[in-house]
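Protein chains: 2
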Amino acid sequence: MTKPLSFQEVVMRLDRYWADYGCLIWQPYSEKMGAGTGNPATTLRVLGPEPWNVAYVEPSYRPADGRYAENPNRMQLFTQYQVILKPDPGNPQELYLGSLEALGINMRDHDARFVEDNWESPALGSWGLGWEVWLDGQEISQYTYFQQAGGLTTDPVSVELTYGLERIVMYLQGVRAVWDVTWDGVHSYRDIYMRSEVEQCTYNFELADVDRLSQIYRLYEAEAKASMARGLVIPAYDYILRCSHTFNVLDARGAIGVTERASYFGRMRDLTRQIARLYVEQRKEMEFPFAKYQPARPADKAARPEAYIAPGQPSTFLLEIGTEELPVADLTSALEQLQALVPEVLTANRLACESVRVIGTPRRQAVLVYGLAPGQPDRTVEVQGPPAKVALDAEGNLTRAGQGFAQKQGVPVEALRVVSDGGKSYVVATRTDPGRLAGELLAEELPRLLARLRFPKTMRWNELNVTFPRPLRWLVALLGDQVVPLAYAGVSSGRTTRGLRPLGSPDIELASADGYLAAMAGHELVVDGTERRQQIGAQAEALAASAGGRITADADLMDEVTNLVERPTAVLGSFEPEYLALPHEVLITAMKKHQRYFPVVHATSGNLLPSFVAVRNGDDQSLDVVRQGYEDVLRARFADARFFYDQDTTRPLESFLPRLDTLTFQERLGSMLDKSKRLEKLAPTVGQALGLSQAEQDVTTRAAHLSKADLATQLVVELTSLQGFMGRHYARLSGEDEAVATAIFEHYLPRFAGDMLPETRPGLALGLANRLDSLVGLFAVGLAPSGSSDPYHLRRDALGIVQLLIAHNISLPLRPLLAEVAAIMPVPVDGQVLDQVTDFCGERLRGWLREKGLRYDVVDAVLAERAGNPYSAYRGAGQLAAWVVRDDWMDLLNAYGRCIRIVRDQPQQFAFQPSLDDEPATAALWDALQAARVQLTPDSDVDRLLIALWPMIPAIDRFFDDVLVMHRDPVLRENRLGLLQAIWGLSRGIVDLSRLEGF
Amino acid sequence: MTKPLSFQEVVMRLDRYWADYGCLIWQPYSEKMGAGTGNPATTLRVLGPEPWNVAYVEPSYRPADGRYAENPNRMQLFTQYQVILKPDPGNPQELYLGSLEALGINMRDHDARFVEDNWESPALGSWGLGWEVWLDGQEISQYTYFQQAGGLTTDPVSVELTYGLERIVMYLQGVRAVWDVTWDGVHSYRDIYMRSEVEQCTYNFELADVDRLSQIYRLYEAEAKASMARGLVIPAYDYILRCSHTFNVLDARGAIGVTERASYFGRMRDLTRQIARLYVEQRKEMEFPFAKYQPARPADKAARPEAYIAPGQPSTFLLEIGTEELPVADLTSALEQLQALVPEVLTANRLACESVRVIGTPRRQAVLVYGLAPGQPDRTVEVQGPPAKVALDAEGNLTRAGQGFAQKQGVPVEALRVVSDGGKSYVVATRTDPGRLAGELLAEELPRLLARLRFPKTMRWNELNVTFPRPLRWLVALLGDQVVPLAYAGVSSGRTTRGLRPLGSPDIELASADGYLAAMAGHELVVDGTERRQQIGAQAEALAASAGGRITADADLMDEVTNLVERPTAVLGSFEPEYLALPHEVLITAMKKHQRYFPVVHATSGNLLPSFVAVRNGDDQSLDVVRQGYEDVLRARFADARFFYDQDTTRPLESFLPRLDTLTFQERLGSMLDKSKRLEKLAPTVGQALGLSQAEQDVTTRAAHLSKADLATQLVVELTSLQGFMGRHYARLSGEDEAVATAIFEHYLPRFAGDMLPETRPGLALGLANRLDSLVGLFAVGLAPSGSSDPYHLRRDALGIVQLLIAHNISLPLRPLLAEVAAIMPVPVDGQVLDQVTDFCGERLRGWLREKGLRYDVVDAVLAERAGNPYSAYRGAGQLAAWVVRDDWMDLLNAYGRCIRIVRDQPQQFAFQPSLDDEPATAALWDALQAARVQLTPDSDVDRLLIALWPMIPAIDRFFDDVLVMHRDPVLRENRLGLLQAIWGLSRGIVDLSRLEGF
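Each protein sequence line maps, in turn, to chains A and B.
No gaps in the numbering here: position 290 of the first sequence is 290 in my numbering, and each next residue is one more.
No gaps in the numbering here: position 807 of the second sequence is 807 in my numbering, and each next residue is one more.
Excised from the complex, chain A in its bound form (with noise of 0.2 Å):
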């Protein structure tokens, strides 16, 4: 770069790239708005079927990010370039990566990454799948493809591209605020806006006056009904725009409440769904006038497939699947799939391979099946034809039946054979079927494979409308040396794939199939994510290294930075060490969840350095100009995470409690105050159910009362995930005691698999009871989880349960703590609830207990009787294991197994009364059973009940010996099942043994 672009000149870079791409070139609207798709430009035009190429500025107001012009790149007002793309033009990211070489920056010389950010307001029913790109790990531009739009399925879709010009443009200057940037070559940024921005923050949190913005708002929606209930469109939308501008003011001023924000939301839904209607409708009335613009659809690309030579002998087949970067579960699931359903395929159509393996990056999955035969083996079949005496004439000559059938069949006239079964006969064809060659087979079958490919969430892209995570670009499909013609969402195959995007992603042609590493591999490609995992470690561990430190293990983000990457280079970065004056947990969060920087710390204390490792996408050329990057980007955060902890700690943790009636925790059960609330009446009720001590119990009260305070404060708003752990040390610098401080920590763990738990009583209460308040109120409302949508946690909370109390050997029945629960709820919960609930919660405890290794069948016993006391549940499971790996583990089952058996299906319960039966055989089991009764209570442990149970094993045994129980007289008969009840009622609510297996 030479002299580097004003704001104003990337503006108009912008407008001639892609207006000479041809995209009508509009106007920011009249209307505040909070980002460029609020346009009409936008939200109006991706309805509907007709095509719309469009780019724009946008100044977006987000009178909530205002920081008082304190920050370097956070502001109330930003700049956004929107492009859309209607339909998808196929080539998408090229375009757009072609606009910033427009903007003169070179993809060869910086990290420009496509990292999934998927799009959702459930308030303007609108959703869709993207990324954000990210250029030297600054959030340059959003990139979305539009799958449903004010509650309207996109056909076809739109593909979105929203710059945020502020920071590519800080980038291309170089300047490390947003207020130095030039937006003229003479006038700055700070010149032009840095006065309104301190402003309007002034405005929007200080000074707006709620009452009449509250009534602007309802005139605002009254206009917006009447002018749709008269069929116009855009003057509704103008003051559909005014009112989500109101509501943004009023919400940034806190002055929404939980109940008014969801009566908002579901009004502005209302206006949107409606709104977007009726511009359907009226472009439909107009017979959408743009369909004549519909882009003539470019030629399939793909040259005809090749003359197929089908190989002589077995040979490597190569699938690249070429998509649009994928997110990293939806890579690591179509890795898996392919690994399982390629085998599967190739059996099922008799394909024989030596090996199949399956790799892959976020742009391909790669599968490569070596050894494959070239075709099916041949196949003789017998078919049974007609009757004989139908096939045959009285001579033995066939008949024209029987010719039709030979025919049929295409077998000459002589392979017809007579046979005879059961004393039917029927001619019978022998028949060779030919095998049919692999290449014809897999053109076949691979569609039909790829369409089996599942994702949580896919999309759609082209017209006809398949869905994948993301775009599927191109596929390769190569036996050996030949390409392996076949089709899917419009791509057709070749031996075409695409290089390293630093490179350009060049075409790179593949000679065949088995030199399909090595070619990869000679453009800078590590297909294989073991591989690059490899790499990532040793090249991060040295880095940190050089630094003094090393990398703290986290295998996640490991395997999240592997499935970014093709090609890992990575980078040492390093930040000002003043920033570690912050609470550290705060500069590692920001550097793992914002940035997936591996933190450094000190290779013998583990205190954080100033240091970070980054993986960069491509090798090393000009990776300073990469790691300036990456050092600004999180410069950037750090400042923001100070600013909001400087704001934080100017006041006590209390104080921020008022504003948690801002937060919903759920609609109809209030706001995060309310369940704050909750849980200070909660939290002493669990603590006395566990026993804690009256200081204890105090300390209960006072971290329920501030256990969600930190909820409001700026920094936790931020980085979510710091909650708890700011909470506590906002507590210690409120000067609230230490073991409140812990508490209000740890009633959040445990916070993810493997996490600590809380080692304080306190905290267990206030935990369980946080939890216990969510499952209950969330399942009386219709939340409880369904598949795999479980938004509020809850499996999580109930598995949460399930360890706390086993971690701290707590017996607890989870029953009556419910019912507390339910008795303070906002709504009416029913028994039913509870149960589900308590159900719930077993489930998890089974999939835990199973997790560790126990045996299904002692799991089941277990939780037969137990589920609703974790504890207790876990406990026996632990017993019953050591029970069952016995050597005469068997003499008891049978013995016991016998007395249930014959009493399991009995409807009517019987009372054993000694006197009526004379059989000694009788009154010796009724003896153990005394002896075995007394040492035994509902409660007790499965130990005991085993120990208890033993020594009945020869007075059962003689008693079946001896005694007929199903007597024919009714009344020694019901006797003598009334004394096998009894003994089967010893074991029961502690364990059931005949879920066990030999039983």
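Heads up, a few of these hints could be off.
[Said to hold, decoys possible] Listed below are the simulated DSSO-like cross-link pairs for lysine-lysine, each with C-alpha atoms no more than 30 Å apart in a straight line:
{"hint": "1", "chain 1": "A", "residue 1": "389", "chain 2": "A", "residue 2": "408"}
{"hint": "2", "chain 1": "A", "residue 1": "457", "chain 2": "A", "residue 2": "592"}
{"hint": "3", "chain 1": "A", "residue 1": "3", "chain 2": "B", "residue 2": "389"}
{"hint": "4", "chain 1": "B", "residue 1": "3", "chain 2": "A", "residue 2": "292"}
{"hint": "5", "chain 1": "B", "residue 1": "389", "chain 2": "B", "residue 2": "424"}
{"hint": "6", "chain 1": "A", "residue 1": "424", "chain 2": "A", "residue 2": "389"}
Treat the hints as calculated values from the structure; they're not laboratory data.
Starting from the structure of chain A, add chain B where the hints point.
Relative to chain A, chain B alone:
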């Protein structure tokens, strides 16, 4: 032009052009506004001392201008491109024309014209002077030097260029309706905007809820005030913009009555002034941060003056004042003033010359002084020195004082003389002052002369804040072949003038003053207006004749057109004959008032033909292009008019009445509906005074009811000068009586000097009532004309009353009628006001009578007694005028004068009693008086008075010969004075003969 530019391409090219020039490229603002001026980048940034150059697009919303997309170029939403240059760069017109060249508009092939258009928004406390820029007759831009904004004087002045983008693009693309413009080469303006245009019109005109919008306005206003109280400029300004747009919607909706309008305007004015002050205070407090971006003041481009060699003999002097296009009236005035001042200055400076010629064009005012003497003649001066006794010692030698005097006067001591004057002696020096050179004197005097030029409306443009009607850009001052070095308004004189705009205003070096006219002619410039007028007349007549017609005489239009061009080329254009179906007055008005075209009428019948003659500034190159432009713009005007006409004629005239409530007559006097209601009462009263028949009274009453209805029709809203004309037309179409229709038309007559007068008495009565209402009402609220300010044209109204009464020979004392008018006014009107109105009418009558050629003394004599009855005064003056030229007139005047002179200073009135005086001459005079008296009443006319007086001459003469009036006996004396007072009383109420010459 090859492929015409798309709409978006025009925007991009303008961005590029102005960015390259050094403008900051800004964006449309996020609020709806009526013009780019509303964007804070203009409204606020033009305030205060800081430099600011900016360019941006602004979609501009003017709800009342909507036409449901049925008009080819009138919409509620149009697009401005706005440029602000602050301070004036010195060549803004050239920069602007350069931008047109950048759009591919070659000036050589077009007629680009700067047509006076001043901008004033009293509501915003803002005004400026400038032009509309016409391209081939089409207004495509506005160009204003802001003089005041938000109630604050702009210093420095900003230049505002506002491009009407749609107009320019229509022009470039050669389309006749904005809807046919291509936006991007694919979509048309119709595609993008037509539906929303219709929707917004429907909302604004039919749906907007008045109550809700009024509430919204109040809420906005409250937020604006609260924001200002907190010192927040931008948040407040956003609300002010919203107030303004809300008001505009309410206005379009027809919801704003007069009282509301005045109130809204007052409120908006207050807000605007407050925000302007607040902004400037804020910038001051910030120490005007942009001051550092002040562009370097360009070095004075005028070369240092050549070494000046004074001519040895009389030569020609040329002063050419080069300006941006002066308004026609200012050009005329400038030339007149120069014609008067230059000789005056030459004479005052004793510079002889043969003749002075002053000629000019809109861009140059040239003074040619022929035969200017090379310098002043020498002058001998005698200077009186100290008294001889001080200057000379006893020996007669010079004292030190005497020597000092000689030295001071620069004369040798020998040259002192002693002179005695009335007994005192002084020394006297006789000094010869050598004449100064003409060039030196002119260099000193001409700047002073320029500073003496006076214009009704002037402007400032650069930091010197010199005022002139438009910026002065160059000065040529040549004496013979020498430059006379002078400077004015930051411009230094030279020998370089500039050529025609269509030729790119090339520099023209003038070798000498003598060669000026030849050089100008050689560059196609016709500097002499008389010559231009002749050329235009001849060309226009020839062209009209070629179309089978002639142009109608219109001296004003001819004068205007002459002074709009520097080189006239007449063009014959035509329009579709179908438009002739519209009332021809409409077409003619559009051609003349809007376009300055000469209508062509049939040579004999005088009927309008579908042709016009327009005058281009420039030669005949590409005349077809220019003609096409002229025709297109006229077509659009006609289409507009037809649209309005069609709309207006869908309903009866009477139905427009309610809407008059939204048109202000005057704030305190109410709406036009209020005025209309007053006329319904007043016109019959006037009719009664005029003696109208009952049938005439009925017509008058109905006509009064309808008289203002046409002001609410769309056509009259557009073409105000058609008021009355369209009223008659629409009344006829509505089935009103022809007499009613006529009266409606006639009540405005005469509309201008020389206009026709009403012929019917209802028209007369209504016309009088209309004018009397205006005069009384506006005087009563303190809006009597003062100086040159007469915004309500009250002088014209008063003169109209005079003309009407005289034309209809109606003797009518005004005072009683004024009292009737006063009685129905909504404001209190005291007798003093009525006196003022009477006097005011009298003054108009005086002027009118004088213009008729009547001697001032005759007019004075009559008006002294009959000013309140114009017809009577007129008749009396005519009669008196005949008497005063009689040879024997002085006999009467002397005789009657003797009577008057002796009594006119008597403070007391005496009654004559014949019995008290026994002088026969007294008795004879008493008899003569009695004889005259019976012939006269105060209503008698002048003829009757003088006929009655004439016979008294002998009696008067005898009385003065025989009788001593001022007798020592007070009884006798007072009795005789009483007789003479009675004689004087004969003329009272008729004429004051003492005002006559010779009295």
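A quick look at each hint next to the structure:
1. Distance restraint check for residue 389 of chain A and residue 408 of chain A: the Cα-Cα separation of roughly 19 Å lies within the 30 Å cut-off, and the hinted pair is therefore satisfied.
2. About 24 Å separates the Cα atoms of residue 457 of chain A and residue 592 of chain A, which keeps this hinted pair within 30 Å; it holds.
3. Taking the CA atoms of residue 3 of chain A and residue 389 of chain B, the gap is near 87 Å; set against the 30 Å cutoff, the hint is violated.
4. Taking the CA atoms of residue 3 of chain B and residue 292 of chain A, the gap is near 22 Å; set against the 30 Å cutoff, the hint holds.
5. Pair hint residue 389 of chain B plus residue 424 of chain B holds up; C-alpha atoms about 10 Å apart against a cutoff of 30 Å.
6. Distance hint between residue 424 of chain A and residue 389 of chain A is fulfilled; the C-alpha atoms sit about 10 Å from each other, no more than 30 Å.
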